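Number of protein chains: 2
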Amino acid sequence: MQSFLQLVSLFEERFSKELPFPAQPENLYEPCRYFLSLGGKRIRPVLCLMGNELFGDIHEDAFHAAKAVELFHNFTLIHDDIMDKAPLRRGNQTVHERNGLTAGILCGDVMNIFAYDELAKVASHLPLLMRVFNKTAMEVCEGQQLDMDFEARNDVSLEEYIHMISLKTSVLLACSLKMGALIGGSTEGNADKLYRFGKNMGLAFQLQDDYLDAFGTTEKVGKQTGGDILANKKTFLLIKALENGNAEQKEKINVLLAAQPEDKVAQMLQLFRDTKADVACRAAVQHYSDLAFESLEDVAVLNKRKEPLRELANYLLQREN
Amino acid sequence: MQSFLQLVSLFEERFSKELPFPAQPENLYEPCRYFLSLGGKRIRPVLCLMGNELFGDIHEDAFHAAKAVELFHNFTLIHDDIMDKAPLRRGNQTVHERNGLTAGILCGDVMNIFAYDELAKVASHLPLLMRVFNKTAMEVCEGQQLDMDFEARNDVSLEEYIHMISLKTSVLLACSLKMGALIGGSTEGNADKLYRFGKNMGLAFQLQDDYLDAFGTTEKVGKQTGGDILANKKTFLLIKALENGNAEQKEKINVLLAAQPEDKVAQMLQLFRDTKADVACRAAVQHYSDLAFESLEDVAVLNKRKEPLRELANYLLQREN
Chain A
695 MQSFLQLVSL
705 FEERFSKELP
715 FPAQPENLYE
725 PCRYFLSLGG
735 KRIRPVLCLM
745 GNELFGDIHE
755 DAFHAAKAVE
765 LFHNFTLIHD
775 DIMDKAPLRR
785 GNQTVHERNG
795 LTAGILCGDV
805 MNIFAYDELA
815 KVASHLPLLM
825 RVFNKTAMEV
835 CEGQQLDMDF
845 EARNDVSLEE
855 YIHMISLKTS
865 VLLACSLKMG
875 ALIGGSTEGN
885 ADKLYRFGKN
895 MGLAFQLQDD
905 YLDAFGTTEK
915 VGKQTGGDIL
925 ANKKTFLLIK
935 ALENGNAEQK
945 EKINVLLAAQ
955 PEDKVAQMLQ
965 LFRDTKADVA
975 CRAAVQHYSD
985 LAFESLEDVA
995 VLNKRKEPLR
1005 ELANYLLQRE
1015 N
Chain B
695 MQSFLQLVSL
705 FEERFSKELP
715 FPAQPENLYE
725 PCRYFLSLGG
735 KRIRPVLCLM
745 GNELFGDIHE
755 DAFHAAKAVE
765 LFHNFTLIHD
775 DIMDKAPLRR
785 GNQTVHERNG
795 LTAGILCGDV
805 MNIFAYDELA
815 KVASHLPLLM
825 RVFNKTAMEV
835 CEGQQLDMDF
845 EARNDVSLEE
855 YIHMISLKTS
865 VLLACSLKMG
875 ALIGGSTEGN
885 ADKLYRFGKN
895 MGLAFQLQDD
905 YLDAFGTTEK
915 VGKQTGGDIL
925 ANKKTFLLIK
935 ALENGNAEQK
945 EKINVLLAAQ
955 PEDKVAQMLQ
965 LFRDTKADVA
975 CRAAVQHYSD
985 LAFESLEDVA
995 VLNKRKEPLR
1005 ELANYLLQRE
1015 N
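Those sequence lines, one after another, are chains A and B.
Note that my numbering has the first sequence beginning at 695, numbered continuously upward.
Note that my numbering has the second sequence beginning at 695, numbered continuously upward.
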C-alpha cells in the first residue's frame, strides 16, 4: 500500500506523460495542455487509486478511472471560471482570460469528452462505472447551478447550502473512491460506505475552508484570508450568523453586506463570534468528519489497509492525529 | 421497414415523452427542456434508426443511441450559439440569450452528460459504441474550433474548408448510421461503408446549403438568401471564387468584402458566376453525392432495404429521383 504522496507522484507521472490531446487544432488542444499543466492536488484521482488499493494491487482500470475524474474535474473548473468571471486559477490565467471565451467553452467541452474516452478504456464493469460517473457528473452541474442561483438570493437556508456544496464538491470525491473500489472488486455495500466516507469528508473539508477563509492565519491557509467576507459570499458562517443573530445583529450584518468599510472583515468576524456562527461551523466540521470516519470504520477490509485513507483525510482536515 | 417520416414521428414521440431531465434545479433543466422543444429535423437519430433497421427490426438499443446523438447534437448547438453570438435558433431565442451565459454553458454541459447517460443504457457493444461516439464527439469540437479559426483567416483553402465542414457537420451523421448498424449486428466493414455514405451525404448537403444560400429562391430555401454573402462567410463559393478569379476579379471580391453596398449580394453573385464558382459548387455537390450513393450500393444487404436511406438522401439533397 502506498502513501498519499507516493500515489500523487505515481498518478502525476502517468497523467502528464500520457496526456491524450493531439497536436491539432492547436487553438483547441494547447489550452487543454496549458490548464492541466497548472497542476492541482490531484486528490480525486488519488482517492480513486486508494479506493482501488483497499482491495488489492492497483488495477490498470483504476488509472483509467482516475484520469477520467481528473479530466472531468478540470473541465468543470474551466467552465466554472467563465461563470465566475475568474481571471486567475492557481495563480495563473484562466483559459477564457488567456485564450478567449470560445476557447474556454470548447476546451472544457472537449476535455469532458476525453474524460469519457478515458473511462471507456476500462476493461470491466463499464456500464456500472458509467452509471456512477454520470449520476455524479449531473450532480456537479446541478451544484454549480445552485451556487449561481444562491448568488441572487438572500434567503438561502443552511440545509440548502449544505446540499449545494455536497453536489458541487463532495460527490465527485465520493464517486472517485467508489469507482476505485468497484474496479477492485468491492461489494456495492462496501463501495457505498466508501462513498459516504468521501462525501462527508468533502463536506467537512468545504466547511473547514469556509472557517479558515475567515478565521485562519494567512501562513496556515496559504492565501489572504477574509476574501469570502469581502466578496459577500454566502458561506456557512454568514448563513448561520443571520440565522442565529438577534434583530440588531442581523441589521448590522445587512448594513455591512451593503457597504465596504475599511474594517469590514474585522467587523464581520466579530459578528460571526457574537452569534456563535464560528462555534457552529467548527462543530459542523467535527460532525461531518466524525460521520466520515465512522463510514470508513464500517468498510469490511483489514483495518491496516485503511491507513492511507485516514492519512489523507487527516491531511485534508488539518487534524493533528 | 419504415419511411423517413414514419421514423421521425416514431422517434419524436418517444424522445419528447421520455425526456430525462428532472424538475430541479429549475434554472438548469427548464432551459434544456425549452431548447429541445424547439424541434429540429431529427435527422441524426433517424439515421441511427435507419442504420439499425437495415439489418432487422429496430432494437431498443438503437433508440438509446439515437437519443444520445440527438442530445449531443443539441448540446453542441447551445454552445455554438454562444460562440457565434446568435440570438435566434429555429426562430426562437437561443438559451444564452433567453437565460444568460451561465445557463447556456451549464445547460449544454449537462445535456452532453445526459447524452452519455443515454448511450450507457445500451445492453450490448457499449465499449465499441463509446469508441465510435467519442471519436466523433472530439471531431465535432475540432470542427467548431476550425470554423472559429477560419473566421480570422483570409487564406483558407478549399481542402481546409472541406475538412472543417466534414468534422463540424458530416461525421455525426456518419456516426449515427454506424452506431445503428453496429447495434443491428452489422460487420465493421458494412458499418464503415454506411459511415462513408453518411459522411459524403453530409458534405454534399453542406455544400448544397452554401449554394442555395447564394443562388436559391427564398420560397425553396425557406429563408432569406444572400445571408452568407452579407456576413462575409467563408463558404465554398467565396473560397473558390478567390481561387479561380483573375487579379481584377479577386480585387473586386476583396473590395466587396470590405464594404456593404446596397447591391452587395447581386455583385457577389455575378462574381461567383464569372469565376465559375457556382459551377464548381454544383459539381462538388454532385461529386460527394455520387460518392455517398456508391458507398450505399456497396453495403451488403438486400437492395430493397436501402430504400429509406435513399429516400432520405434524395430528400436532403433535393434531388428529384
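I should point out that these hints are in silico values taken from the structure, not numbers from a laboratory.
Quick caveat, the model's predicted, so the values are computed rather than measured.
Among the hints, a few may not be true.
Remember, identical chains collapse to one label, so a pair may be satisfied in a single copy or spanning two.
In the DSS-like style, the derived pairs of lysine-lysine whose C-alpha atoms are separated by at most 25 Å in a straight line are [what the hints assert, rightly or not]:
id, residue 1, residue 2
1, Lys914, Lys958
2, Lys927, Lys998
3, Lys914, Lys944
4, Lys711, Lys829
5, Lys711, Lys970
How would you classify Lys711 and Lys829 at a CA-CA limit of 25 Å: within, between, both, or neither? Answer is between: at 21 Å across copies they meet the 25 Å cutoff, but 29 Å inside does not.
Using 25 Å as the alpha carbon limit, work out where Lys927 and Lys998 are close: within a copy, between copies, both or neither. Answer is neither: 41 Å inside a copy and 65 Å across each miss the 25 Å cutoff.
Is the C-alpha distance from Lys914 to Lys958 at most 25 Å within one copy, between copies, in both cases, or in neither? within (22 Å within a copy, 66 Å between copies)
Checking an output row: Lys711 and Lys970, CA cutoff 25 Å. Within, between, both or neither? So Lys711 and Lys970 fail the 25 Å test inside a copy (49 Å) and across (51 Å) alike.
At most 25 Å between CA atoms: does that hold for Lys914 and Lys944 within a copy, between copies, both, or neither? neither (30 Å within a copy, 66 Å between copies)
Hint violations for this structure: numbers 2, 3, 5, all remaining hints satisfied.
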